[in-house]
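> Please build the complete structure, drawing on both the sequences and the hints.
These protein sequence lines are chains V and P, in that order. Okay, so the first sequence: first residue is 1 according to this note's numbering, each after it adds one. Okay, so the second sequence: first residue is 1 according to this note's numbering, each after it adds one.
These aren't lab readings, by the way, just hints derived from the structure by calculation. No experiment lies behind these values; they were computed from the predicted model shown. Please note that the accuracy of each hint is not assured.
Which copy is meant is left open, so a pair is good if it fits within one copy or across any two.
With a Cα cut of at most 30 angstroms, we get these calculated DSSO-like pairs of lysine-lysine [to be verified]:
1. K103 - K383
2. K286 - K269
3. K262 - K318
4. K266 - K148
Letter by letter, the chains look like this.
2 protein chains.
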Amino acid sequence: MGIVKLTMKRYLNNQLVEMVGEKVMVKGWVNSVRKHGSVVFADIRDRTGLLQVVGGKELATLSNEYVVEMTGKVNKRNEKYYNSDMETGKIELELLNLNILSKSRDLPFDIRKPDLDVSLPIMLDYRNASLRNKKVSDIFILQAEIVKAFREYMWANSFTEFQAPTIVATATEGGSQVFPVEYFDHKVYLSQSPQFYKQIMVSIYERVFTLAHAYRAEPSMTTRHLTEYTGMDVEMGFIDSWMDVLLMADDLVKHIFKSVSKNCSKILKEYDIDVPKTTKTTPIVKLSEAQQIIFDRTKRDIRGEPDLDPEGEREICKWAEEEKQSEIVFISHFPTKKRPWYTYQDPENKQETLSFDLIGRGVEWITGGQRIHDYDELVTNIKKMGANPDDFEIPYLQAFKYGMPPEGGFCIGLERITQNIMGLENVRQATLYPRDMERVDVRLSTISQAKNDKKSKKKKLNK
Amino acid sequence: MGIVKLTMKRYLNNQLVEMVGEKVMVKGWVNSVRKHGSVVFADIRDRTGLLQVVGGKELATLSNEYVVEMTGKVNKRNEKYYNSDMETGKIELELLNLNILSKSRDLPFDIRKPDLDVSLPIMLDYRNASLRNKKVSDIFILQAEIVKAFREYMWANSFTEFQAPTIVATATEGGSQVFPVEYFDHKVYLSQSPQFYKQIMVSIYERVFTLAHAYRAEPSMTTRHLTEYTGMDVEMGFIDSWMDVLLMADDLVKHIFKSVSKNCSKILKEYDIDVPKTTKTTPIVKLSEAQQIIFDRTKRDIRGEPDLDPEGEREICKWAEEEKQSEIVFISHFPTKKRPWYTYQDPENKQETLSFDLIGRGVEWITGGQRIHDYDELVTNIKKMGANPDDFEIPYLQAFKYGMPPEGGFCIGLERITQNIMGLENVRQATLYPRDMERVDVRLSTISQAKNDKKSKKKKLNK
Chain V
1 MGIVKLTMKR
11 YLNNQLVEMV
21 GEKVMVKGWV
31 NSVRKHGSVV
41 FADIRDRTGL
51 LQVVGGKELA
61 TLSNEYVVEM
71 TGKVNKRNEK
81 YYNSDMETGK
91 IELELLNLNI
101 LSKSRDLPFD
111 IRKPDLDVSL
121 PIMLDYRNAS
131 LRNKKVSDIF
141 ILQAEIVKAF
151 REYMWANSFT
161 EFQAPTIVAT
171 ATEGGSQVFP
181 VEYFDHKVYL
191 SQSPQFYKQI
201 MVSIYERVFT
211 LAHAYRAEPS
221 MTTRHLTEYT
231 GMDVEMGFID
241 SWMDVLLMAD
251 DLVKHIFKSV
261 SKNCSKILKE
271 YDIDVPKTTK
281 TTPIVKLSEA
291 QQIIFDRTKR
301 DIRGEPDLDP
311 EGEREICKWA
321 EEEKQSEIVF
331 ISHFPTKKRP
341 WYTYQDPENK
351 QETLSFDLIG
361 RGVEWITGGQ
371 RIHDYDELVT
381 NIKKMGANPD
391 DFEIPYLQAF
401 KYGMPPEGGF
411 CIGLERITQN
421 IMGLENVRQA
431 TLYPRDMERV
441 DVRLSTISQA
451 KNDKKSKKKK
461 LNK
Chain P
1 MGIVKLTMKR
11 YLNNQLVEMV
21 GEKVMVKGWV
31 NSVRKHGSVV
41 FADIRDRTGL
51 LQVVGGKELA
61 TLSNEYVVEM
71 TGKVNKRNEK
81 YYNSDMETGK
91 IELELLNLNI
101 LSKSRDLPFD
111 IRKPDLDVSL
121 PIMLDYRNAS
131 LRNKKVSDIF
141 ILQAEIVKAF
151 REYMWANSFT
161 EFQAPTIVAT
171 ATEGGSQVFP
181 VEYFDHKVYL
191 SQSPQFYKQI
201 MVSIYERVFT
211 LAHAYRAEPS
221 MTTRHLTEYT
231 GMDVEMGFID
241 SWMDVLLMAD
251 DLVKHIFKSV
261 SKNCSKILKE
271 YDIDVPKTTK
281 TTPIVKLSEA
291 QQIIFDRTKR
301 DIRGEPDLDP
311 EGEREICKWA
321 EEEKQSEIVF
331 ISHFPTKKRP
341 WYTYQDPENK
351 QETLSFDLIG
361 RGVEWITGGQ
371 RIHDYDELVT
381 NIKKMGANPD
391 DFEIPYLQAF
401 KYGMPPEGGF
411 CIGLERITQN
421 IMGLENVRQA
431 TLYPRDMERV
441 DVRLSTISQA
451 KNDKKSKKKK
461 LNK
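Now the structure itself:
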């Protein structure tokens with residue numbers, strides 16, 4: 001079979017800026033149609049932005065979101081019609097030929113306003129429509145940049161990427177907030193994090209990372225929690241101390257800020273926000289110190305508590321910004337009883353762990369720390385929490401049995417870092433298709449209804 | 001808190017080649033210990049390879065897989081002891097100081113032989129031990145290179161990466177091979193592929209990719225199937241024809257071969273294999289043509305069958321290699337009745353679809369094709385299979401309602417492409433922690449046993 005292309009080459013809208021006078025083909029969505037007597041203007045949207053097309057009555061047959069292919073001549077606009085908001089604001093396409101590739105029904109709401117004027121539930125009910133709004137779709141362009149920056153940093157620092165399984169035989173870290181899976185004749189679970197696997201991998205590759213989906217059966221509807229989220233997980237061996245881990249997290253997050261700032265400057269401007277201000281040395285305060293600072297500043301006494309409350313997180317961020325000129329701050333030395341059983345204790349004070357959170361703009365961004373690498377110590381801790389070490393032998397404890405270097409790591413929630421960089425109110429806005437106890441694309445209340453209504457039909461489909 | 005590093009800088013083994021005469025610190029695992037009277041040699045393994053250390057009786061206290069930190073002086077070896085198999089074969093470290101970071105129990109089998117002499121089930125029962133074998137761990141170094149090459153290619157061709165959810169409300173493509181998840185009071189499912197989401201994303205970003213875990217409840221134990229696998233998924237809009245999709249897949253896979261060939265040459269040599277031979281124009285044959293070729297060559301008649309059988313796949317690969325000097329070949333135009341309901345039909349013959357598989361070395365590597373982008377046609381097809389279009393409205397059909405360009409895409413199974421490039425017998429070898437109907441890290445037969453034995457203990461843990 002021969003491979004012959006008879007069609008014209010498609011140009012992207014922003015490529016036309018340099019092509020005045022040429023005849024070209026473009027493709028995209030109809031973003032708007034404006035009639036001025038017998039002259040009709042249409043803005044055509046492609047992945048590079050908008051292009052103004054000018055033509056006659058054939059353009060008037062178009063509706064918003066129609067998918068079209070157009071040939072035309074690239075003209076310079078009259079100077080008084082320059083539009084500085086558009087990359088293609090000095091040119092327009094004079095329509096020669098129009099081909100409708102696909103039509104559109106009416107949209108459920110106006111997607112052309114810069115800010116969508118609908119509630120979050122409606123935005124999610126009509127996810128495809130809301131994503132056609134530029135500000136909404138830009139969220140995930142910026143998210144893709146975060147992921148890219150993450151990977152590039154890891155590769156540059158000789159970390160090996162690996163794939164962690166998400167179906168697991170036991171609840172990862174204990175706790176009841178797991179989703180059971182019907183697995184042939186067995187009950188297995190969705191992984192709460194790739195924690196065990198990334199630790200194991202240190203015994204093989206020293207430095208590893210993964211982008212892994214993780215699942216938490218949290219029966220709550222806060223603005224910060226999802227039942228399925230994406231973790232950017234990092235783990236590294238042969239550390240001299242937990243500070244190696246913290247400094248790696250610090251350097252990575254600054255690299256992400258830098259990449260986003262450089263490559264998504266227009267999106268940040270559109271959201272009227274910037275990446276967090278940082279300083280060469282990010283402030284690090286022990287939890288107990290942070291609580292003292294909060295007490296000194298506000299007289300609110302949360303000293304002795306095992307964590308910062310949301311108000312405390314906001315206050316310590318205010319302190320870091322005012323006193324240290326940094327919008328991010330590390331809180332360290334969380335109490336042993338509040339951190340998972342594999343967390344490394346401070347040899348100088350066994351009540352505290354060599355662990356940290358990075359917080360910024362009033363919320364947590366990263367959590368990490370050094371882990372116990374001694375087999376016997378892990379076995380002791382598992383027994384202490386009333387569990388059976390045999391249940392952790394495969395695959396976890398094996399790795400420690402055969403020689404594990406001192407190690408630690410951290411996790412950055414992808415949706416949360418997107419939310420926090422962009423200043424979004426709800427983590428669901430930073431999630432393409434957020435899952436929570438009320439929604440799995442459809443609202444779950446609807447699904448139960450539907451299931452009862454059409455049980456027989458469903459059965460057919462599943463055959 | 002101050003950040004003071006009192007420890008010496010760690011060097012990697014392969015960095016010492018250029019450091020003869022210097023005093024350095026290295027860290028790693030004890031790979032072997034050899035006593036020659038009062039002189040003792042130990043090979044230390046780190047992520048860059050082996051290093052010979054020479055010392056006295058303190059080295060004799062070490063056992064295999066101990067994790068150590070050593071300072072010593074880098075010496076040139078006597079020429080007659082050069083070892084050309086080691087990157088550090090012309091040097092050795094004269095031990096000055098030894099620090100044991102972590103001890104090891106005895107390994108379940110010898111991991112130092114180039115080829116592990118144990119069955120696959122034992123390899124997986126002791127996954128951490130088997131991964132400490134160089135040839136085994138190299139599989140996942142090569143796999144990481146595949147993933148890296150995939151992403152770099154996608155980025156370079158302006159594809160946007162996105163995160164597809166894996167918890168879904170309905171079985172993706174119909175069919176019963178899905179895992180149900182107990183989701184609060186509802187039953188939801190693990191996604192069989194990110195198919196729907198990547199298609200939807202085309203209506204927003206035109207060109208998208210994702211690396212997504214996918215789940216198939218296949219109750220079979222073949223050498224090619226996993227219940228959880230990783231798909232490298234690609235989808236692109238504004239195609240002129242299905243050939244755009246095929247050519248993108250072809251170019252991507254050649255890019256992956258090139259990257260692996262360049263960056264993993266030592267691993268390929270170790271496995272005594274090379275990436276598949278390709279030609280500028282990869283052969284493309286219709287399924288019916290392929291069946292005719294097979295009949296002509298072997299007199300085995302599978303003409304009219306809806307697919308190639310394994311023997312047919314091997315034969316057509318032989319043909320492609322012998323007649324077209326290509327170890328990969330595209331099979332196209334699979335019958336409409338055997339492809340999913342969203343597959344685009346050939347306008348010239350509605351019994352066939354504009355779909356393709358890439359096969360090589362006798363097995364399938366990639367599957368893809370053009371999709372239906374017309375809303376009404378999709379609705380018709382959903383009804384035809386006896387399902388209710390309402391169940392597909394959110395999130396899938398919405399995207400087509402509001403204008404979808406002509407589009408198509410493909411998926412490359414990460415474990416399979418790793419297996420096929422490296423010539424591994426079983427896809428489980430190319431999977432860090434393979435899941436199948438008999439194993440989720442532990443053998444499931446054991447888990448049921450354990451569950452019956454310790455029901456009360458389990459309950460405690462899950463609280």
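> Against each hint, give a clear statement of whether it holds in the structure.
A quick look at each hint next to the structure:
1. K103 - K383: For K103 and K383, the Cα distance is within 30 angstroms only across copies (21 angstroms; inside one copy 63 angstroms).
2. K286 - K269: neither (35 angstroms within a copy, 51 angstroms between copies)
3. K262 - K318: within (26 angstroms within a copy, 50 angstroms between copies)
4. K266 - K148: Answer is both: 18 angstroms inside a copy and 28 angstroms across each meet the 30 angstroms cutoff.
The structure fails to meet hint 2 from the earlier list, while all remaining hints are met.
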